[in-house]
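Fit chain X to the given chain G structure using the hints.
Quick mapping for you: the protein sequence lines, in order, are chains G and X.
The numbers in the first sequence follow the numbering used here, run straight up by one, and end at 160.
The numbers in the second sequence follow the numbering used here, run straight up by one, and end at 1121.
In case anyone wonders, no lab produced these hints; they're calculated from the structure.
Treat the hints with caution; some may be incorrect.
Heads up, simulated SDA-like pairs for lysine to any residue below, C-alpha to C-alpha not over 25 Å straight-line [to be verified]:
hint : chain 1 : residue 1 : chain 2 : residue 2
1    : X       : Lys1087   : G       : Asp109
2    : X       : Lys1087   : G       : Met83
3    : X       : Lys1018   : G       : Asp94
4    : G       : Lys112    : X       : Asn1054
5    : X       : Lys1087   : G       : Glu19
6    : X       : Lys1087   : G       : Gly119
7    : X       : Lys1087   : G       : Leu120
8    : G       : Lys110    : X       : Pro1106
9    : G       : Lys110    : X       : Lys1018
10   : G       : Lys112    : X       : Asp1098
11   : X       : Lys1017   : G       : Thr59
12   : X       : Lys1087   : G       : Leu38
Note that this is a predicted model, so its numbers are computed, not measured.
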Amino acid sequence: MSEVMEASLTAKIINPVLEATIETFDIMLGCAVTRKELNLKTRETPFHDITAVIGLSGTTNGTICLSLPKETAFEAVFRMLEMRPEEIDELVCDAVGEFSNVVGGTAKDKIKDPDMHLGLPNVIYGENHHVEFPTQAHPMYVKYDSDIGPFMVLFGFVAS
Amino acid sequence: MNILVVDDSAMTRMVAKKTLGTLGYEDVFEAEDGAQALDIFKQNSIDVVFTDWNMPNMNGLELLIEIRKINKDVPVIMITTEGSRSKVVEAVQNGISDYLVKPFTPANLKEKLSKWVGVTA
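Next comes chain G alone, as it looks inside the complex (with noise of 0.2 Å):
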């Protein structure tokens, strides 16, 4: 895949998970984000504590990660169970998943490609864990801030 072709695929996709993310995060949680830099992602890119996975498939091949510090992953279910997790427990590991389901969905209303598509979200946690992209692609990851702390979104796709 080209270069240009590659950077207009990032942009058809990637842009709309972006603006998702924020919009989840504003709707669901009440909070405020701000969206830092865009940088290639290397093997040594560490993910943070925990990291909802969502497959794509149809026209587009790869994968996007939602990747949160345990501290914001708390935060996040505090706001909206008024609960404090002390771990990364089913919970925490439910309510990431449900959160970025939200986002892939409403992400994927924004994309409006009926053959492109988003599977349910699969959550790892633990250190040091790690997502394979395609080989092909070129991932990249975008840092974030909020008032319940730092996250990061992560991609990496090829055309099919």
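For chain X alone, kept in the frame of chain G given last:
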């Protein structure tokens, strides 16, 4: 008024129950899949059902079909994401009353309840 909330996400059920509580609706039943929801529906006088669509054991469509065999009138409101709006057509064809898009606000929930059960808590 008895409200049944069906979703395999505990977080979504808890948020819905909490939100309904703030609106004054305290009699909220929860089910994590369609099969559990159908049991609760059969054993209780349910006035309105909010149900997710993608669930294990018995999904939202299968639950809707079973509920409509028992009760053709009870409002069944599909909880969905923006990306799953295409499923709403299938749901309408099978007798869904309405749909509620996640993320929803207390005002969204209140609007659906006012529309379908016509009373406030």
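inquiry  = What's the verdict on Lys1018 (chain X) and Asp94 (chain G), does the C-alpha distance respect the 25 Å limit or exceed it?
reply    = Holds, because 17 Å separates the two Cα atoms, which is no more than 25 Å.
query = Does the structure keep Lys112 (chain G) and Asp1098 (chain X) at a Cα separation of 25 Å or less?
reply = 23 Å, holds
task = Could you grab the alpha-carbon distance between Lys110 (chain G) and Pro1106 (chain X) and see if it respects the 25 Å cut-off?
result = 24 Å, holds
inquiry  = Need the status of pair Lys1087 (chain X), Gly119 (chain G): alpha-carbon distance at most 25 Å?
reply    = Distance of about 15 Å is within 25 Å: holds.
inquiry  = Check the hint pairing Lys1087 (chain X) with Glu19 (chain G) against an upper bound of 25 Å on the C-alpha distance.
reply    = This hinted pair holds, its Cα atoms lying about 23 Å apart.
ask   = Is Lys112 (chain G) within 25 Å of Asn1054 (chain X), Cα to Cα?
value = 21 Å, holds
query = Are the Cα atoms of Lys1087 (chain X) and Asp109 (chain G) separated by 25 Å or less?
reply = 13 Å, holds
message = Checking one constraint from the list: CA of Lys1087 (chain X) to CA of Leu120 (chain G), max 25 Å. Satisfied?
response = 15 Å, holds
ask   = If you draw a straight line from the CA of Lys110 (chain G) to the CA of Lys1018 (chain X), is it 25 Å or shorter?
value = 29 Å, violated
key: Pairwise hint evaluation, Met83 (chain G) against Lys1087 (chain X), where the allowed Cα distance is 25 Å at most   = 33 Å, violated
request  = Verify the proposed pairing of Lys1017 (chain X) with Thr59 (chain G), using a straight-line Cα cut of 25 Å.
outcome  = Given that 25 Å is the threshold and the Cα spacing comes to 38 Å, the pair is violated.
ask   = Within 25 Å, alpha carbon to alpha carbon, are Lys1087 (chain X) and Leu38 (chain G)?
value = Given pair Lys1087 (chain X), Leu38 (chain G) is violated - Cα atoms ~34 Å apart, limit 25 Å.
Checked against the numbered hints above, the structure violates hints 2, 9, 11 and 12; every other hint is satisfied.
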